[in-house]
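First to last, the protein sequences are chains A and B.
For what it's worth, the numbering used here labels the leading residue of the first sequence as 1, then goes sequentially.
For what it's worth, the numbering used here labels the leading residue of the second sequence as 1, then goes sequentially.
Take these hints with a grain of salt, some might be off.
When chains are identical, the list treats them as one kind, so a pair holds in a single copy or across two.
[To be verified] Pairs of lysine-lysine residues, derived as DSBU-like cross-links and limited to a Cα-Cα distance of at most 30 Å, are as follows:
id : residue 1 : residue 2
1  : K83       : K10
2  : K83       : K5
3  : K21       : K10
4  : K83       : K13
5  : K83       : K21
6  : K13       : K81
7  : K21       : K5
8  : K10       : K101
Derived by calculation from the structure, the hints in this document are not laboratory data.
Small disclaimer: the values here were computed from a predicted structure and weren't measured.
Protein chains: 2
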Amino acid sequence: MEELKRRILKEGKNLGNGILKVDSFINHQVDARLMDECGKELARRFRGVGATKVLTAEISGIAPALTTAFHLGIPVVYARKHKPITMPDQVYLTLTPSHTKGRTVELIVSPEYLAGGERVLIIDDFLATGATILGLIRLAEAAGATVVGVGALIEKTFEGGRQALAHLNVPIESLARIRSMEGDTIVFEE
Amino acid sequence: MEELKRRILKEGKNLGNGILKVDSFINHQVDARLMDECGKELARRFRGVGATKVLTAEISGIAPALTTAFHLGIPVVYARKHKPITMPDQVYLTLTPSHTKGRTVELIVSPEYLAGGERVLIIDDFLATGATILGLIRLAEAAGATVVGVGALIEKTFEGGRQALAHLNVPIESLARIRSMEGDTIVFEE
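Only chain A is shown next, with the shape it has when bound in the complex (with noise of 0.2 Å):
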C-alpha cells in the first residue's frame, strides 16, 4: 500500500535491534484517516476467506483491526495482556515473548467471545518474528476456532514471521513489507 509505504519513509525511525518506530502515526499517536484506509485495504484482501471475527492483541493492534473489522462489517477482540476484573474467572490464556518489552507477557481472552466454529482472521500492526500472532492462533486454536488468515500493516520479511505461520496454510497479507533496514535507509520488497 503506496500510502503507508511513504509514510513510513518520511516518518519511521529505524530505532536498531530491529525495532522501527512509527510512533507518529501508528503507535501512539495514530492517524485515523490512514488507518481507516490500512482497514479497508485489508478488508479488500480478505474479503472472501468468511471470517466471522477478527482477533487482536492489545495494545498496538486495536486500531488496524477495529478498522478491518469495521469494513468487513464483523466484530474484533482483542486479547488483553492483563485480566480485568471484569473477565471471568476461566479464561484462555498463553505466554509469548515481546520483542520490544524484553520479557513474556500473557495473551488472554475470555471464552465468551471466542467460541468453537468461528472463523477468526488475525490483525496487528507488525508481522515481524511472528511470535504474537503465533500467541493469538494458540488462543483461536484453544477455543476451537478456526484462523482463516493473518494480516498485518507492516511485515519485517528478514524476521522470518512468514515462515514460522507457513504450516497454518491460511493467506498472509501485509500492507508494506519490508526487506531490510540498515541506518536510516529503509528497502521495502518489491
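Guided by the hints, dock chain B onto chain A, whose structure is given.
Quick look at chain B alone, frame taken from chain A:
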C-alpha cells in the same frame, strides 16, 4: 444515543462496586460498527470546538477516540501506561488512580506528539469519577495545550466526574448517562 443505551440495557452487567461490564461490545470484544456510530456522534457534538487532536488513555479509550478522530479528520494520541522503548527519555507523565485496577497507574505522553498551542479533545470510554480524564488534562496542560472538550461513551452520573471537571468550563458530552445501577436495573438520566 439510543442504540448505545439499548446495548447497555441488553448486554451490560452490573458487577457491583459501580463496575459496569460492557465487554461484549466495548471493552474486550468491540462492535466496530457501533463504535463508528459513537465516534460519528461525538464528532458531531464537538465539531464546533476547533480541536486539533484527540487525546485518550490506553487501552479501552482507543476505539472510541479513534473513531471520533476519524470523523473529525484529526489525529489521536493515546497516553501509554508503560513507557515503550520507542519513547524518548523526557516525557509527560502523571499518576492516576485506576478504579478497575485498584491501584495507581501512570499515564505517559511523548512531547513529540502533544505540543503547546494544540486544542485537545479528550475522549474515553467511561466518565465515572473523572480521575483518568483529570490525568489526561494534566498531561495536556503540561504540554501547554488547551483542553477544549471532554467526551465519553458512558457516564455514571452518580460518581461525580462531571462536577470534578466543571472548573474547566469546556463542553462535556457523553452518549449514555447512567443515573443508577442497582442489581440488574440500570437507569439512565432523562
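So, going through the hints one by one against the coordinates:
Only between protomers do K83 and K10 lie at most 30 Å apart by alpha-carbon distance; the minimum there is 24 Å, versus 37 Å within a single protomer. For a Cα distance limit of 30 Å, the shortest separation of K83 from K5 across copies, 26 Å, qualifies, whereas the shortest one inside one copy, 35 Å, does not. Only within a single protomer do K21 and K10 lie at most 30 Å apart by alpha-carbon distance; the minimum there is 12 Å, versus 41 Å between protomers. When the C-alpha separation of K83 and K13 is checked against a cutoff of 30 Å, the pair qualifies only between copies, where the shortest distance is 17 Å, while the shortest distance within a copy is 33 Å.
When the C-alpha separation of K83 and K21 is checked against a cutoff of 30 Å, the pair qualifies both within a copy, at 28 Å, and between copies, at 13 Å. Both within a single protomer and between protomers do K13 and K81 lie at most 30 Å apart by alpha-carbon distance, with minima of 26 Å and 22 Å respectively. Taking identical chains as interchangeable, the C-alpha atoms of K21 and K5 lie at most 30 Å apart only when both belong to the same chain, with a minimum of 14 Å there against 39 Å between chains. Taking the closest pair of Cα atoms, K10 and K101 come within 30 Å of each other only inside a single copy of the chain (25 Å); across copies the shortest separation is 39 Å, beyond that limit.
Going down the numbered hints, you'll see the structure goes against none, and every one checks out.
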